[in-house]
Amino acid sequence: MAYLVLIGTRKGLFTATSDDRRTWRLDGPVILDEDGFTAVAEIYAIGTDPDTGRILVGAATWFGPSIWRSDDYAATWSEPIEAPMAFPQDLPYRPLDFSETAGIDQPESDQTNTVKRIWQLTFGPGDRVWAGVEPTSLWTSDDGGQTFTFNRALWEHPEHTTWASGAGGPAVHTIVPDPTDPKTQTVAISSGGIYQTRDDGHSWTGITKGITVDYAPDETPDSGQCIHKVTRGTDGTLYTQSHGPAYRSTRPDGGWTDISANLPSKFGFAIVAHPTEAGTVMAWPVTASMERTPPDRQVGAWRTEDSGDTWQPWHNGLPTDPYFGGILRDGACTDAAPGDPGWYFGTRCGDVWAAADSDGRWHQVAAHLPDVLCVRAMETA
Amino acid sequence: MHIDLKIPAALASECGGARAIAVEVPDGANLGDLLDAVAADYPRLARRVRDEAGQLRRFVNVYVGDDESRRLEGQATPLKAGQPVQILPSIAGG
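Chains X and W, in that order, are what the protein sequence lines are. Reminder that position 378 of the first sequence reads as 378 in our numbering, one-by-one numbering, no gaps. Reminder that position 42 of the second sequence reads as 42 in our numbering, one-by-one numbering, no gaps.
Check the hints yourself; a few may be wrong.
As the list claims (entries may be wrong) - Using C-beta positions, here's what the derived DEER-type ranges look like: (1) Gly-255(X) with Glu-73(W): 54 to 62 Å; (2) Gly-94(W) with Glu-305(X): 39 to 47 Å; (3) Leu-26(X) with Gly-94(W): 19 to 27 Å; (4) Ser-203(X) with Met-1(W): 49 to 57 Å; (5) Ala-20(W) with Ser-78(X): 22 to 30 Å; (6) Ala-40(W) with Asp-51(X): 32 to 40 Å; (7) Arg-70(W) with Asp-20(X): 52 to 60 Å; (8) Ala-164(X) with Asp-66(W): 39 to 47 Å; (9) Ser-13(W) with Glu-305(X): 49 to 57 Å.
Derived by calculation from the structure, the hints in this document are not laboratory data. We put the beta carbon where it would ideally sit given N, CA and C, even for glycine.
The task is simple: from the sequences and hints, build the whole structure.
Next comes the structure, spelled out in structure tokens:
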């Protein structure tokens, strides 16, 4: 078998390939455009389609955000001539709020809505692709990611007045399709909550009630919670890592169950469900909101096989020296390889590791890269 | 009237590698009119320079003569026949 890892960083895209997920060959920064400016682009979003092998990369550059596509496992790249997405200019202006990093494409005027960053690219059935974007918006493509349509229903959801900006910027950062129902999708917003459509985006229902906060007077709001990531188990259970605890829900409109009791911390970002084993989930906790380091300064993952009732450390093969880099919300993934999926994560220190599920041991993919923003992996042969 | 628009190396591929393109605009045209004309022939170059609201991107500067257009009248800056116009990105960041 052969495997490809795509690593989006604060300064460009890197790739790594392997035949055994133990020894990796690193390449990059990958130049997506013909002139070379994407070698220093912010790569927040990478989407992979295991059915077709197609890859989409969302890059924020000095010349605006755009989406590059590869149909040959990152060997060559193409970009639409026209902008893949553009905000309708008849919308009332909605302030961007603050961002941890100002971004390299802040609007010239603060009075217009413009696409700032693409945070998520998720493939659906056929040529369907969804994009999560900053400022907080969802976009849909039915031509494989060449052109996108703005989802007005989510933008105009009455609860949008309770949304704010996470430190990274206000964005739809997570899109979770339902493989059993193409009209159902779940999205997450920092900070804003979790919203679900059952009519392919025509209407949205907030499903965040029951997730608590410790940074607002109302600790049990209906919406506005800072949700860091959502992942879907193969049995349909949703798991989320919030700004506070991690939760699970088999019926989100019926509430959420705190699953943080056996985790080393209630705080974190990345959480990824096993692609075929119901109840198995990997999480990458962070010490606390006010200490963004791995718990006990030990870089590693935590694994549950009982839907979060108990968790075990999954650190085999990782450094035991004190480690200070956290894992961001899209800094972890699985390649979903049939039979033996692989797990991957990258840190803000620029290290990336991979482990086959059956191996249970992490192997270094890359070291000393720029700040890792997202990691995606796929089987290529 | 005829305007020579100089293209930075970082955007040259959008013009087939050319470092300058000749653009015809009506007499009395301003910088915005020039960029509109460019968009018709070079749509991807145009979106590299301006966002969907028509604003210059933050790290893209357009000089009219020797002056950066934001220090003049922005995209309303009037152009003169034969006057050089130059796109110069700010290559910023750590």
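These are the hints, each one checked on the structure:
no. : hint                                  : result
1   : Gly-255(X) with Glu-73(W): 54 to 62 Å : holds, 58 Å
2   : Gly-94(W) with Glu-305(X): 39 to 47 Å : holds, 42 Å
3   : Leu-26(X) with Gly-94(W): 19 to 27 Å  : holds, 22 Å
4   : Ser-203(X) with Met-1(W): 49 to 57 Å  : holds, 53 Å
5   : Ala-20(W) with Ser-78(X): 22 to 30 Å  : holds, 26 Å
6   : Ala-40(W) with Asp-51(X): 32 to 40 Å  : holds, 38 Å
7   : Arg-70(W) with Asp-20(X): 52 to 60 Å  : holds, 55 Å
8   : Ala-164(X) with Asp-66(W): 39 to 47 Å : holds, 44 Å
9   : Ser-13(W) with Glu-305(X): 49 to 57 Å : holds, 51 Å
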